[in-house]
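We have chain A already, so just place chain B on it with the hints.
These protein sequence lines are chains A and B, in that order.
Whatever position you read off the first sequence (first residue = 1), add 20 for our numbering.
Whatever position you read off the second sequence (first residue = 1), add 20 for our numbering.
One or more hints might be untrue.
Identical copies go unnamed one by one, so any copy, or any two together, can satisfy a pair.
[To be verified] The list that follows gives simulated cross-link-like pairs (lysine to any residue, SDA-like), each with its CA atoms no further than 20 Å apart: (1) K221 with H298; (2) K275 with S163; (3) K201 with R152; (4) K201 with I301; (5) K119 with S176; (6) K201 with L295; (7) K275 with G83; (8) K275 with Y160; (9) K221 with T305; (10) K255 with D56; (11) K221 with V168; (12) K179 with S199; (13) K206 with T305; (14) K275 with D134; (15) K275 with T161; (16) K275 with L295; (17) K206 with D304; (18) K275 with A135; (19) K221 with D304.
Rather than coming from a laboratory, the hints here were simulated on the basis of the structure.
Number of protein chains: 2
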Amino acid sequence: MAASAWSERTLHLLRRMNNFYLPGSCRATCLRFEIDGAQVGWIPPPVASLLTSYPEVFGPPHGGTVSLCPSLNSYSPRSEAVQAVLQTLRQQGSFTCLKGWRDEKYSVMPRFSDAPLMWMERAATSLFGVKRYGVHINGYTVSDGGEVRMWLARRSPTKQTYPGLLDNVAGGGLAAGDSIKHTLVKECQEEACIPAAIAEKAYPVSTVSYTYEDEEGVYAESQFVFDLELPLDFKPRIGDGEVQDFYLLPIDRVKELLATEDFKPNSAMVVLDFLIRHSFIEPDTEPYYQDFVTGLHQTL
Amino acid sequence: MAASAWSERTLHLLRRMNNFYLPGSCRATCLRFEIDGAQVGWIPPPVASLLTSYPEVFGPPHGGTVSLCPSLNSYSPRSEAVQAVLQTLRQQGSFTCLKGWRDEKYSVMPRFSDAPLMWMERAATSLFGVKRYGVHINGYTVSDGGEVRMWLARRSPTKQTYPGLLDNVAGGGLAAGDSIKHTLVKECQEEACIPAAIAEKAYPVSTVSYTYEDEEGVYAESQFVFDLELPLDFKPRIGDGEVQDFYLLPIDRVKELLATEDFKPNSAMVVLDFLIRHSFIEPDTEPYYQDFVTGLHQTL
Numbered sequence: 021m022a023a024s025a026w027s028e029r030t031l032h033l034l035r036r037m038n039n040f041y042l043p044g045s046c047r048a049t050c051l052r053f054e055i056d057g058a059q060v061g062w063i064p065p066p067v068a069s070l071l072t073s074y075p076e077v078f079g080p081p082h083g084g085t086v087s088l089c090p091s092l093n094s095y096s097p098r099s100e101a102v103q104a105v106l107q108t109l110r111q112q113g114s115f116t117c118l119k120g121w122r123d124e125k126y127s128v129m130p131r132f133s134d135a136p137l138m139w140m141e142r143a144a145t146s147l148f149g150v151k152r153y154g155v156h157i158n159g160y161t162v163s164d165g166g167e168v169r170m171w172l173a174r175r176s177p178t179k180q181t182y183p184g185l186l187d188n189v190a191g192g193g194l195a196a197g198d199s200i201k202h203t204l205v206k207e208c209q210e211e212a213c214i215p216a217a218i219a220e221k222a223y224p225v226s227t228v229s230y231t232y233e234d235e236e237g238v239y240a241e242s243q244f245v246f247d248l249e250l251p252l253d254f255k256p257r258i259g260d261g262e263v264q265d266f267y268l269l270p271i272d273r274v275k276e277l278l279a280t281e282d283f284k285p286n287s288a289m290v291v292l293d294f295l296i297r298h299s300f301i302e303p304d305t306e307p308y309y310q311d312f313v314t315g316l317h318q319t320l
Numbered sequence: 021m022a023a024s025a026w027s028e029r030t031l032h033l034l035r036r037m038n039n040f041y042l043p044g045s046c047r048a049t050c051l052r053f054e055i056d057g058a059q060v061g062w063i064p065p066p067v068a069s070l071l072t073s074y075p076e077v078f079g080p081p082h083g084g085t086v087s088l089c090p091s092l093n094s095y096s097p098r099s100e101a102v103q104a105v106l107q108t109l110r111q112q113g114s115f116t117c118l119k120g121w122r123d124e125k126y127s128v129m130p131r132f133s134d135a136p137l138m139w140m141e142r143a144a145t146s147l148f149g150v151k152r153y154g155v156h157i158n159g160y161t162v163s164d165g166g167e168v169r170m171w172l173a174r175r176s177p178t179k180q181t182y183p184g185l186l187d188n189v190a191g192g193g194l195a196a197g198d199s200i201k202h203t204l205v206k207e208c209q210e211e212a213c214i215p216a217a218i219a220e221k222a223y224p225v226s227t228v229s230y231t232y233e234d235e236e237g238v239y240a241e242s243q244f245v246f247d248l249e250l251p252l253d254f255k256p257r258i259g260d261g262e263v264q265d266f267y268l269l270p271i272d273r274v275k276e277l278l279a280t281e282d283f284k285p286n287s288a289m290v291v292l293d294f295l296i297r298h299s300f301i302e303p304d305t306e307p308y309y310q311d312f313v314t315g316l317h318q319t320l
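For reference, chain A alone in the conformation it holds in the complex (with noise of 0.2 Å):
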């Protein structure tokens, strides 16, 4: 069984997505990032270099790893510390990421069940390496004779991540303090003006998680997927000017925009999530299938 051209980028993408764990990737020289004896992130080289200059909160790398000074104990001096060096580096324009500057804080822990260590601003994530969750959801539509097609929403152009590229519906980043639920709501509403009753009837059928880097960071990454069927009759709507325009499309063309360069990465994941669960992709016609549901879950 020959795979596809699309079979092939595809399986391109999950590569792409997961290029930390790759032969070659920086993971091999990363530190680790640890806060009271426990890991949560990795920081590439000149990034720990940097820290050197702030022994105040950072300890020296010793055996592969950069720890928080253990005089910051708690949730608070700790996020509140970094945060100072993180503005002082915003500053000093010492990485591009940080041009990104949300105001937002994600919480910093071992995995997600455990209780936050700290919180960090989301556009300083990929520097540590620290994992971060969000909620994407998959809008869909049954047709009376059964047909699916799915919502997709284009990004607006002026956004600073992924301008002007295909995305899911709606979707957003899990802030500190937040339950996955709420996130999804408030997104829904923001980004596509899909009331809170409509919304609420999402339901949770999966994660999406993959690690990559790119020249600054390490992007640690867990999506929890909602899917949501909508009602015929329901059009999303430009909500918070996040999104310049909502298609409802075929999912045979849905699952050909997914390969290609038009697509938000981590949100192509997603629809192709979607596409195995509800049987578009079938095992016996696609070479790749288990290693597209193995792409879509890595983890360290």
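Just chain B now, kept in the frame of chain A:
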């Protein structure tokens, strides 16, 4: 959010089924098993030692690798030469697993999408850490009121593996040359007397992948998972004698059972995947939600 005893037991199940990835596993000492330069498995050191007695089939360990002799340069000669060695080892009683000889040929390939390089007797695959593929079917019903129940099988007390334990309604290994759908229909018919007309309505939804080790070998497996909604008036019946009984149970009861020693472990994983995809487990109330999802999809 504290984890329940059920959550802890379920996480433990996933860790156990992926113990090959844990620190302290034999992974560090295993030799790569290669055919024509491509890795197809992992050979534990005791197995590798025995194989040096067959230098016309297996090259000597070199650089952490045991290779099939290059003179065995195609599918049939490789398969037959290895089979002859395995027959000898079986007669010598060297390995317990060979007492479970099945006369079932499994394909050996670097990845599922690759052409098979040879076949190997099913009972021997764990000695070489050769990946095995199978099909598992979640058989369930939905009442008029929307209540979901699941059919479970109780394995025969005379089954060679996991006798007497709870299992999915049907499932089986993928023999060399068989399609996934063909295997599904055959196993539904043989194990549960589900007629082809019903079994063919099963829809592919996922894979469950894991690698565990025991004293004798490495079990690297991927199961293609199908959901099959059964008619309310249909009852599976004992077919080929591999099952002693079938039960139709409420989902809460199935959830409780999957985290007990009464359930065949990989089948319990298939049920866990069902519970997640069908929203019977929710991320705001299950602290290990993301660990569960990633634990169901581990690969090297």
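Right, here's what the structure says about each hint:
In this assembly of identical chains, the alpha carbons of K221 and H298 lie at most 20 Å apart whether taken from the same copy (18 Å) or from different copies (13 Å). Taking the shortest alpha-carbon separations for K275 and S163, only the intra-copy value of 18 Å comes in at or below 20 Å, while the best inter-copy value is 33 Å. In this assembly of identical chains, the alpha carbons of K201 and R152 lie at most 20 Å apart only when taken from the same copy (16 Å versus 38 Å across copies). For the homomeric pair K201 and I301, the shortest alpha-carbon distance between copies (13 Å) is at most 20 Å, but the shortest distance inside one copy (28 Å) is not.
When the C-alpha separation of K119 and S176 is checked against a cutoff of 20 Å, the pair qualifies only within one copy, where the shortest distance is 18 Å, while the shortest distance between copies is 64 Å. Only between protomers do K201 and L295 lie at most 20 Å apart by alpha-carbon distance; the minimum there is 18 Å, versus 23 Å within a single protomer. Proximity of K275 to G83 under the C-alpha cut-off of 20 Å is found in neither arrangement, the shortest distances being 46 Å within a copy and 43 Å between copies. In the homo-oligomer, the alpha carbons of K275 and Y160 lie at most 20 Å apart inside one protomer (13 Å), although the nearest pairing across protomers, at 29 Å, exceeds that limit.
Proximity of K221 to T305 under the C-alpha cut-off of 20 Å is restricted to the inter-copy arrangement: shortest distance 17 Å between copies versus 33 Å within a copy. For the homomeric pair K255 and D56, neither the shortest alpha-carbon distance inside one copy (49 Å) nor that between copies (56 Å) is at most 20 Å. Taking the closest pair of Cα atoms, K221 and V168 come within 20 Å of each other both inside a single copy (17 Å) and across two copies (18 Å). When the C-alpha separation of K179 and S199 is checked against a cutoff of 20 Å, the pair qualifies neither within a copy, at 25 Å, nor between copies, at 46 Å.
In the homo-oligomer, the alpha carbons of K206 and T305 lie at most 20 Å apart only across protomers (19 Å), although the nearest pairing inside one protomer, at 39 Å, exceeds that limit. In this assembly of identical chains, K275 and D134 lie within 20 Å of each other by CA distance neither inside one copy nor across copies; the values are 36 Å within and 24 Å between. Taking the shortest Cα distances, K275 and T161 sit within 20 Å of each other inside one copy (15 Å), while across copies they are farther apart (30 Å). In this homomeric assembly, K275 and L295 come within 20 Å of each other (Cα to Cα) only inside a single copy, at 8 Å, whereas the closest approach across copies is 26 Å.
Within a single copy, K206 and D304 get their C-alpha atoms only as close as 40 Å, which misses the 20 Å cut-off; across copies the closest is 15 Å, which meets it. Taking the shortest alpha-carbon separations for K275 and A135, neither the intra-copy value of 38 Å nor the inter-copy value of 26 Å comes in at or below 20 Å. Proximity of K221 to D304 under the C-alpha cut-off of 20 Å is restricted to the inter-copy arrangement: shortest distance 15 Å between copies versus 33 Å within a copy.
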